[in-house]
Amino acid sequence: MSSEDRSATPAGSTVEPQVPTNGSTNFESGATAFPPPRRARRSTDRRVADRRLSRPLPASVLIPPTPPPPPHMDDYTAIVGQAQIDTLRFLAKELRGKTIKMVNSTALGGGVAEMLNRLIPLLSELEVPTRWDVITGGNDFFEITKAFHNALHGAPYELTKSAKDIFLMYTEQNRARMKFDEELVVIHDPQPAALIRSRENHRSHWVWRCHIDLSNPNAGVWEFLRPFIEQYDAAIFSSQSFARQLPIPQYLFYPCIDPLSEKNKELPDSQIQQICDDFGIDRTRPIVTQVSRFDRLKDPVGVVQAYKLAKKYVDCQLVLAGGGATDDPEGAIVLQEVKEAAGNDPDIIILDLPPWCAVQINAIQRASTIIVQKSLREGFGLTVAEALWKGKPTIAGAVGGIPNQIIHKLTGLLVHSVEGCAFQIRYLLTHPEFARGIGMNGREHVKENFLMTTNVKRWLLLFRIMEQARALRGKSA
Amino acid sequence: MAEAAKPHVRRPQKPFFFNTSEHLLRIGRQKAINLSELLHAMETCPDDSIFQHTFRTLQEHHFIRQGFSNDFAHWSLFACNEPALAEQLASVDVREFTAIEGLRRRMVEILGEFLHHENRPGSRPAYEPFYFCASDIVVLPTSFRADTLAGFLDGINQVSVHSIHHHFIEARLRLHRMSNDFSRWLEEEVGLLEAADDIERIDIYTNTMEGVRHQIARIVSQAMN
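Listed in order, the protein sequences are those of chains S and Y. FYI, numbering that gives the first Met the number 0 numbers position 158 of the first sequence as 157, with every residue one higher than the one before it. FYI, numbering that gives the first Met the number 0 numbers position 25 of the second sequence as 24, with every residue one higher than the one before it.
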């Protein structure tokens with residue numbers, strides 16, 4: 000059994016939010032679509048040299064940019080309004096002096112770490128000090144938890160006694176190192192779930208935040224984890240459809256995007272134009288874009304087919320902007336399939352971008368006339384929220400968490416086939432008023448439900464509701 | 000012809016405190032995969048689920064001007080492909096109810112009659128399940144308090160749309176009367192009966208909540224002038 004420590008940070012110590020992840024582009028919500036930035040940087044030269052693209056990348060994207068400092072709460076006022084910021088401050092004032100601990104399994108890479116990097120400084124700025132701890136484990140532990148992750152998504156897996164023992168052994172090691180003195184302890188995802196054993200009394204609230212889809216879990220893994228989960232005070236899921244029947248309250252926290260991140264901040268038109276010029280995108284003609292990894296579940300070949308069907312009726316270009324093809328052998332195969340499907344159409348622009356190209360993705364989305372996310376299977380699909388936030392009429396597959404974001408014909412269009420996608424592309428390109436209307440609605444929908452400030456509010460509300468419930472129980476006792 | 004009598008505007012004795020309500024969405028235990036299951040769950044779910052899928056969903060979708068009324072209607076159309084049922088459910092105005100029980104009865108009645116009279120197979124599977132949810136609600140003060148009509152107008156213009164929803168739509172469940180906090184204050188404290196009545200008549204289903212705010216502000220401005 001290996002005892003190699005794979006975590007970047009010793010367990011039991013607070014992780015300082017890592018600025019470098021703020022600007023990274025994660026093409027799939029809640030999952031590590033690209034390797035963590037550290038690894039990406041080490042292999043920059045190789046990545047660039049190995050790149051096989053339809054179009055060479057401009058020099059401006061070959062070197063990771065220096066990430067900007069994280070924003071402060073007041074920076075969000077112009078976006079969500081003073082009243083919303085006042086609400087956050089009021090909620091936080093009532094919790095002042097109380098503390099939160101967040102625990103997950105990685106400090107770098109992936110949607111959870113990216114979200115915690117933004118959330119924790121904001122909670123702390125509101126004077127609700129929030130610590131972030133990362134569990135440690137050997138390769139054997141992380142291999143097992145990776146298998147758990149896939150099994151909880153429904154993959155076949157035979158849970159062995161050895162796997163259970165390894166999982167519990169590392170849990171005990173982490174318990175021995177970590178302290179849980181905070182009033183609210185939040186455990187993210189299955190890897191650290193058994194830390195609930197450290198709950199010594201009911202002075203603290205313990206919450207399990209599950210970022211993955213549990214709608215069809217492998218029975219063996221779920222039945223192993225369930226007794227731990229049932230000891231928590233509450234569980235949080237990203238979609239109603241991801242939840243399980245549990246004897247504890249279950250809350251719905253949508254994943255969120257940060258409107259001030261490199262990927263979502265406003266950009267001057269000159270910068271958008273420059274980036275489009277760099278990639279050979281013609282802004283004088285309609286642009287249809289899908290941003291996603293080169294992964295079959297994102298159906299990039301289906302998008303090419305839909306574009307070709309639509310192009311019989313309307314003029315447009317197709318931009319497929321993604322990544323992963325140089326790190327994932329299957330990604331390279333899918334990229335090749337996409338190129339073959341595209342043929343020699345000069346209006347199809349395929350971009351295999353490094354993970355730090357957040358600004359470039361932002362600019363391409365902003366330059367687009369329509370954004371497509373034709374996934375066949377999806378987690379939450381935050382690239383949809385990114386598109387909606389930019390006010391773009393969006394067409395997406397009705398899978399995973401996408402229907403939470405797209406209310407058909409009101410905040411976007413849901414499709415179930417290549418033909419449906421092609422028709423909706425035609426319709427939106429020929430009905431710009433309708434397209435503008437759903438784009439505006441989509442932006443408001445994100446503003447209400449999927450922004451970082453709403454995420455902060457949900458945590459403060461949850462904390463307050465749990466404190467109130469305990470006070471009531473105390474009174475009645 | 001005699002000029003219409005100008006309303007007598009009084010100085011309010013009690014200030015208007017602008018509050019707001021924030022909600023945390025809870026995932027319920029019930030779900031429906033067809034219309035028969037929806038009917039059963041509608042009959043048996045907690046009041047706060049009915050509130051969530053009618054009153055509260057209006058707040059969540061406050062930016063939509065038309066085409067969205069409540070979650071039951073939306074699901075009937077998009078998951079069950081039953082436009083006639085969706086139209087009937089969407090026509091229910093939550094503001095006609097001062098208690099959840101009455102609203103629940105009305106929804107159940109519409110769905111029950113539809114399944115009975117239209118001879119529709121209630122067991123036909125929907126495209127996607129309906130998940131019953133509910134909300135934990137926290138009422139919070141805002142920094143706005145009105146001692147005068149001008150201050151009231153200022154508050155209307157500046158509070159969040161959640162505050163507008165709280166006072167204008169949710170209020171009837173709290174007051175148990177067919178009115179809202181704004182109209183009640185204008186009527187009882189300021190003596191603006193006509194303005195109070197005009198505000199009560201604003202159509203929330205063809206307006207965004209911002210649109211509702213602007214209409215309230217316009218009515219109050221006109222009354223002031």
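Derived by calculation from the structure, the hints in this document are not laboratory data. The beta carbon of each residue, even a glycine, is placed where N, CA and C say it ideally should be. Misleading hints may appear alongside valid ones.
Unchecked claim - Some but not every residue of chain S turned toward chain Y, in silico, with C-beta under 8 Å: (1) 83; (2) 85; (3) 282.
To be verified - Below, a list of computed lysine to aspartate or glutamate pairs in the DMTMM-like style, where the Cα atoms sit at most 25 Å apart: (4) 446/S to 193/Y; (5) 408/S to 199/Y; (6) 408/S to 418/S.
Tested hints:
1. Hint status for residue 83/S relative to chain Y: holds, with the closest Cβ pair at about 6 Å, below 8 Å.
2. Here the hint on residue 85/S is kept, as its CB sits about 6 Å from the closest CB of chain Y, short of 8 Å.
3. Restraint check, residue 282/S versus chain Y: the minimum CB separation of about 28 Å is more than 8 Å; hint violated.
4. A hinted pair counts as satisfied when its Cα atoms are at most 25 Å apart, and residue 446/S with residue 193/Y does not qualify at roughly 35 Å.
5. Note on residue 408/S and residue 199/Y: the hinted pairing is violated, with a Cα-Cα distance of about 30 Å set against a maximum of 25 Å.
6. Note on residue 408/S and residue 418/S: the hinted pairing holds, with a Cα-Cα distance of about 17 Å set against a maximum of 25 Å.
Violated hints, listed in ascending order, are 3, 4 and 5; each of the other numbered hints is respected by the structure.
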